[in-house]
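Given chain A's structure and the hints, the job is docking chain B onto it.
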Amino acid sequence: MPKVKIPRKSTNIDMTAMCDVAFLLLSFFIMATKQKPPEAITVKTPTSVSTEVAKEKAILVTLNKDGKVFLMLGDKTKKDEILKEMNTFRQLNLNDAEMAKLKAADYIGVPLAQLKSALDNNIKEDQMPGIPCLDSANNELREWMRVVTNAYQGTKKEDFELLVKGDDLAKYPAFKNIIDAFQANNQLRFKLVTSSETMPPESEYYKNHPPGSAKEN
Amino acid sequence: MAEMDTSSGGGHKKGPGVKKPTKKSTRVDLTPMVDLGFLLITFFVFTTTMQQPTAMHMAVPKDDPTIKTEVKQSGAMTILLGKGDQVYYYYGQLTNPTEQFKVSSYTKIRDEILNKKRNTPLGDLMIVIKPNEDATFKNTVDIFDEMTINDIKGGHFALDKITPAENNLVHLTEQSNGIK
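Top line first, the protein sequences correspond to chains A and B.
Residue numbering for the first sequence follows our numbering, beginning at 1 and increasing consecutively.
Residue numbering for the second sequence follows our numbering, beginning at 218 and increasing consecutively.
Looking at chain A on its own, in the form it has when it is part of the complex:
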């Protein structure tokens, strides 16, 4: 009777392929994530249970902890138009080079009267005094919002997003001034930028809208 020979197999698995895959994925994720430049104006946003993601292409009004207000025109398609309109309307006398600089800058945070000199002197964001919007007499944010509203006249609702990004420690009156500037231009719907927080499971909202059910706005 011939002996049945059971071939002895190695228990080792070749890990090389798996290792390759792992590192390929790793490099993909590292490269795919957008390198966020360190923000010139540091703002620690409050948390909310909202799950909607804030758009990047939006008109963003930033309120830092000292109550300074900055405007960021995130939607590049209208930026040119808005800045040109402001230049002619308020007679800022910005030349082409200054306009180009203003267009390249992320934040607008200087009173209109100082805009020309601020652009010539290359003032850094953290040294900007902010857009004045303290009272109705000198509310330049209102002017900016008027120009923005005009520029977006006729565009679809989903193409225009108005965001307010405020710092935890900013005082309420500063926020109120921003709302006033919006109200004056009939911008009654806007969004607040927050960081996410989980909805408490025992809450009323959770009971009425269990996860997985259709989202209600």
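No lab work stands behind these hints, which were simulated from the structure alone.
Small disclaimer: the values here were computed from a predicted structure and weren't measured.
Covered by chain B, per the in silico footprint, the following chain A stretches (three or more residues, Cβ under 8 Å):
#1 4 to 17
#2 21 to 31
#3 52 to 58
#4 167 to 175
#5 193 to 203
Glycine included, every Cβ here is placed at the ideal spot set by N, Cα and C.
What follows is chain B alone, placed relative to chain A:
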């Protein structure tokens, strides 16, 4: 993991005294490296999706002083936000401050709102939020968030300006409670 020597099956034997050089395996155990790779992947995946800022909806009424919203006294609840993360509230109209005016906090106000919501007919509920000059942006967002958490529908809460009388009460309470 020990490497199993499987290569010694076929070779024929050499004579006595001839030393066989020990063959070392060229294989490296890659398991820890794979572990590390996947750990890093998980880390990157988590950090990228979690840092996305969210947007909270907010709507304000038209800037027109002629528009006045009628609110039933029985369904009204006014929440005042003061300094030092303090919350004050009262129901209906403020006629008897010593009894009506109450102090709360951002953790306790949820129960009060829920209570009011349960004891009020659906259409009558109106929560008026009035931050004073010492309240922070975070306080305002927190209290609006509380509206979402308690499922108070839009149109049943509003942001309003604090009256001097109310603000006075807030300041007096802050003084007596020693809030700085």
